[in-house]
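Q: Going down the list, the sequences are from chains P and H. When the letters of the first sequence are read in order and numbered with my numbering, they come out as residues 1 to 193. When the letters of the second sequence are read in order and numbered with my numbering, they come out as residues 1001 to 1132.
It is worth saying that the hints were derived from the structure and are not from the lab. Hints may contain errors.
Stated by the list, open to error - Derived CB-CB ranges, DEER-like:
no., chain 1, residue 1, chain 2, residue 2, range
1, H, Q1049, P, D147, 41 to 49 Å
2, H, E1102, P, D192, 45 to 53 Å
3, H, I1083, P, H146, 40 to 48 Å
4, P, R135, H, G1032, 29 to 37 Å
5, H, R1115, P, R76, 25 to 33 Å
6, P, R135, H, E1099, 27 to 35 Å
7, P, R135, H, A1040, 37 to 45 Å
8, H, R1115, P, D147, 41 to 49 Å
Claimed, not checked - Chain H regions said to be covered by chain P (calculated; three or more residues, Cβ under 8 Å):
no., region
9, 1020-1032
10, 1037-1045
The structure presented is a predicted model; accordingly, all values stated were derived computationally and were not measured. A virtual CB, placed ideally from N, CA and C, is assigned to each residue, including glycine.
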Amino acid sequence: MKQQNIWGMVLLSGCLTFSLATLGWSDEDERWGGKSKQDKNVWERTSDVPLVTNKNYQTECSACHFAYQPGFLPERSWKKIMGSLDDHFGENAELSDAMTQEIENFLVGRAADVIPNRFSRSILRSISAGETPLRISKTAYFERKHDEIPNRLVAGNPKVRSFSNCLNCHTTGDQGSFDEHRVNIAGFGRWDD
Amino acid sequence: MKYIMVLAMLCFSYPAMASEQVVQSLLDQYRGAGADAFDASRGESMWQQQYLQPEEEKKVSCASCHSADLRSSGMHMRTGKIIEAMAPSVNAERLTDPEKIEKWFKRNCKWTMGRECTVQEKGDFLVFIQSK
Chain P
1 MKQQNIWGMV LLSGCLTFSL ATLGWSDEDE RWGGKSKQDK NVWERTSDVP LVTNKNYQTE
61 CSACHFAYQP GFLPERSWKK IMGSLDDHFG ENAELSDAMT QEIENFLVGR AADVIPNRFS
121 RSILRSISAG ETPLRISKTA YFERKHDEIP NRLVAGNPKV RSFSNCLNCH TTGDQGSFDE
181 HRVNIAGFGR WDD
Chain H
1001 MKYIMVLAML CFSYPAMASE QVVQSLLDQY RGAGADAFDA SRGESMWQQQ YLQPEEEKKV
1061 SCASCHSADL RSSGMHMRTG KIIEAMAPSV NAERLTDPEK IEKWFKRNCK WTMGRECTVQ
1121 EKGDFLVFIQ SK
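Chain H with its partners taken away, still in its complex shape (with noise of 0.2 Å):
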């Protein structure tokens, strides 16, 4: 019984995670942790802006592998590598797991801005990745 509980509740669960709850349920993390109200448009910008990557010795931005359109795929600058399109609203598998999308922030926002990102920074990255 008690199985059978627990598999209901994972079916009843897991998929049911869309991305809006995940993204409002880190958002809501976010400004505990001290950001204020987030913007697409803060985000969108960030997204285009250039920083000197050193290893690569050239000036990268996250659109420089995910493309400037989130609604496209995308090109690992390096590898080659395709990047499945970013927006939730043509790749459905986007923003629903909060692990992940902790993980790229954290290696990321490194790799490319040299830090990591502020939570105010994620919520913008967030709700733009969203509009889309």
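Just chain P, with the same shape it has in the complex (with noise of 0.2 Å):
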């Protein structure tokens, strides 16, 4: 019986430890983002979403807008987005059969349920199973991020229009940092809060 107690004690810390040490590790990462990324492969990453590394993506998608890392909505909402191109939020963003699939395939490969990143894995679970997001600036985990950014700052602010376009506050996300201390809100300046 005593044995058994010290056994159990022994495992409890060993637990304890662990999981201390984990949560330290994790909020390192998280406050500095991309610090030892040489370091590490970009599927380990999880402070920063990968980056977006496929040419024809950047050069199609990015003709128009950010060229969104795959990272940030689920595999069901690629397919959707890309078998749609021809009313895309409107406008008409038709590409070759073989662009499309391409793209798509890249999409896919990397999307928020393929990958094992921290905002990939926070947007999953902000989404129903049986929701199908088109735009993740409508996924739970994205408007809770934002919710303290007032109006007149993003739809209000001529030189942001809206959240989709990340750049113009995000400076550092097309390296895949979305990191709050360096967001710098386009007309406006540095958000702190």
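Could you fit the two chains together into a complex? Lean on the hints.
A: Here's what the structure looks like:
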């Protein structure tokens, strides 16, 4: 009986140490997003979202808008978006069949439900299983993260206009870093909450 | 040796594809598909012609986003994105990539006019844009 208690204590303290260490680790990562970027491989990075690595996706899509990292939406969303390019949020953005397929493959292969990334997991958790969001800015996680930003700084700000223009505030967003400390709202300035 | 030749051909042919050649070969293609002589002034009046855009619920024309003056840049009516000038005389990149031309004809004709442009209309647009 006594023996069992000792082993129980050892196990419990082991678990505690481990979980505290994990907490400390993830906190550090979150605060100093991308500090040790070079040592980590793109899939293992937890602080930043993996970069856009497909040239055609980059060229075709950023001809009109920010090339959103595929890890921000689940596979089903990317499929729906790529299957309806003739009405792409009110615009016609049709591509050749071959190009559509290539870009879809890229997006689906790095979608939120495929890669192990902190942002992706948070976004996934905020979407219900029956939901297929088409806009990253409509996911509950995104809304929660931006709910303190007044409308006048976004829709009412001619230098930003919409939450879809990531780079107008997240100046390092194209490098996969959406760190709060690097936010600089166009026409307004730094944002600290 | 083969590589050097391919490289030399690429270097030679790619930048040399000036807008004149690109437009000329597209116009030939459109003629082959049944178009008549092309007319820049017809292209210009189509550029300004207004169509009801169902999603925007207002009348739009090419000029709504590209500006009526092809030598100045335009601004997308909804997103506010700056669209560089269309005139090759001020923007040397314009009309140099046939695939890009066809891609945007398809998208923009459908969005603005609600249908694809005919070969005649595309040719008229091209000679109009090129004249600027």
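Q: All hints are to be evaluated individually against the structure, with a verdict given for each.
A: Quick rundown of the hints versus the structure:
1. H:Q1049 - P:D147: 41 to 49 Å: Between Q1049 (chain H) and D147 (chain P), where Cβ atoms are some 44 Å apart, the hint holds.
2. H:E1102 - P:D192: 45 to 53 Å: Because 48 Å falls inside the window, the suggested range holds.
3. H:I1083 - P:H146: 40 to 48 Å: 28 Å, violated
4. P:R135 - H:G1032: 29 to 37 Å: Taking Cβ atoms as reference, R135 (chain P) and G1032 (chain H) lie about 43 Å apart, which means the hint is violated.
5. H:R1115 - P:R76: 25 to 33 Å: This hint holds: roughly 31 Å between Cβ atoms.
6. P:R135 - H:E1099: 27 to 35 Å: Taking Cβ atoms as reference, R135 (chain P) and E1099 (chain H) lie about 29 Å apart, which means the hint holds.
7. P:R135 - H:A1040: 37 to 45 Å: 41 Å, holds
8. H:R1115 - P:D147: 41 to 49 Å: 42 Å, holds
9. 1020-1032: Violated - the region 1020-1032 of chain H has 0 residues with a Cβ nearer than 8 Å to chain P, which falls short of three.
10. 1037-1045: Coverage by chain P is violated for the region 1037-1045 of chain H (0 residues, Cβ < 8 Å).
Hint compliance for this structure: hints 3, 4, 9, 10 are not met, and every other hint is.
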